[in-house]
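Enquirer: Line by line, the protein sequences are chains A and B. Add 3 to the 1-based position in the first sequence for this note's numbering, that's all there is to it. Oh and the second sequence: position 62 is 61 in this note's numbering, straight run, nothing missing.
Keep in mind the hints are simulated off the structure, nothing from the lab. Any given hint might turn out to be false.
Cross-link-like lysine to aspartate or glutamate pairs, in silico, DMTMM-like; alpha carbons within 25 Å at most [to be verified]:
no.	chain 1	residue 1	chain 2	residue 2
1	B	97	A	128
2	B	332	A	187
3	B	345	B	269
4	A	116	B	155
5	A	160	B	83
6	A	46	A	81
Since the structure is predicted, the reported quantities are computational estimates derived from the model, not experimental observations.
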Amino acid sequence: MSELEILSNLVETGKSKEVVQKVQELVDQGYDTNIILNQGLLKGMNEIGLKWKAGKAFIPEVLICARALNMGMDLLQEYIVTQPNQKEEGFFIGTVKGDKHDIGKNLVGMMLKSKGLKVVDLGTDVDANAFIAAVKEHNARFVCLSALLTTTMLYFKQIVEDFKQAGLREQVTILCGGAPVSEEYSRECGCDYYRNDALACAELIAELAKE
Amino acid sequence: MNSIDRMLATINHKQPDRTPVYPIVSGVTRFLNNSSYYYWATDALVCADALIKAQELLDLDCIITLTDLSVEASDFGQKIVYPENEAAYPDSSDHLLKSLDDYDLVQEIDPTSGKRMSEHIKLCDILVQRKGSKVPIIAFVFGPLGILSMLRGQSDLYLDLYDDPASVHQALEKITNTLIRYCDLLLETGIHAIMLDTLFASQSIMSKEMWLEFEGPYVKRIAEFIHSKGRMVMIHNCGNGIYFDAQIEMMHPEVISFLHIPADCESLEDIKDKYGSKTTLAGVISPAWLVSAKTADVEKECKRLIDIFGKDGGFILATGCEYPANMSLDHAKTICQVAKTYNPYKK
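This is chain A alone, in the form it adopts within the complex (with noise of 0.2 Å):
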């Protein structure tokens, strides 16, 4: 087994101590950062998003391995020389107005993250100007929302319309998902996606955003 194997094992099992430590070895060794990153740390957590799906991972096992992830990814960053004009494009995640339940919502990040993307959580409880305001402010294409509850899903209808009515409908995709919610519901509030799981929610920006 090569040493990016092992590290992305690690990451896979959640071993966070060894996994920084395979981190530091491995940037020691004079391993390039981006390998380290996209063969190590993120193919380990995409093998458990990919488990996930298929039934044999479950939520615990997925936030073990995100926090070796990012206790993995946090070392690097010190190793990681950025490009001074290099500008990402972030994907803003939030749980609705109403709604301060959080997992979906993480696990979408996560799994975003696995993908390679930029997330920038907008965190819970979060209004349809906050996420105009982001949208705005970093020129954004998605918005992923998220909710929980019968009662805070109703949100998303007015989320949308803030959007047009701000002149943003055609800038930005807006995705949406949740225990409570539906494909059915999500045409009926005008969103332009849904996804009932978090990988596969991650899968489609992936593939949108390549666009």
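Position chain B relative to chain A; hints supplied.
Expert: Chain B in isolation, oriented as in the chain A frame:
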């Protein structure tokens, strides 16, 4: 048949005069006595009045005392938020257990000393006095792991399961002992059953093995206690792909209230084949679907479910989770109407 006869017939897998019905009307009943969500959830008299009004208005076949999932956590010391128009929830910025070191803060408590649990006991008492001779009264209790997740926060709890399982078990033991005492007090009011919410026994959260390790043994003890008192155990679990087999093995429930197809089934018909004789199935109308459904669609869906599940009893027509708390009762009326009028099994 009155509602008790009807429910008993279906639970004993005999054909009742018609399908019993209970669209889980909880928070929405506050509109019937114009109470705020807070008072409805925290004042037994207000809540009892609303639930009884709903039972009489809709001629419901039972009353379930689901107010919110924070009742027990609140009395264990968790700070709770009471929004104006939705169910109470724990303050996620101020969990009782802020780190692994805080697990010792979970101690056994006397349910009569906690405001919310004692109000719930009082609620059951009022309902039994006023309706219990004709309508089954079912007390709703959150499972031990669910309560612990309210005290710690779900994400942190999931990490703790790996980082310090011993502390988690220690806390669960104390919560379980409290819940057994709580169930005893609830049963003393004369209620007919206790419905345990086992949210975590679901593919959408954790593996079956993990649930069997962290909640199975505790709910088993609670269920055995309820059965030892001669009352029924019911389960509510609105998760996706729930573990019917493991939960039946642990709790031998008389009723399972559910929303989604279980982990080991392919279809609704499959559930009836596999579990229809082992327990009574309650569900599975989607509350989220109801939000935008038309009356005709609701009628059609109810008839479809009665066709699939109703033969030889063992079925309660219900929503798979709480009826939307801010919607009108129109769809609930339709659901009840279909249960009363559509009976393909009438001899």
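Enquirer: Next, verify each hint and record whether it holds.
Expert: Okay, the hints, checked on the actual structure:
no. : hint           : in the structure
1   : B:97 to A:128  : holds (21 Å)
2   : B:332 to A:187 : holds (24 Å)
3   : B:345 to B:269 : holds (24 Å)
4   : A:116 to B:155 : holds (20 Å)
5   : A:160 to B:83  : holds (20 Å)
6   : A:46 to A:81   : holds (20 Å)
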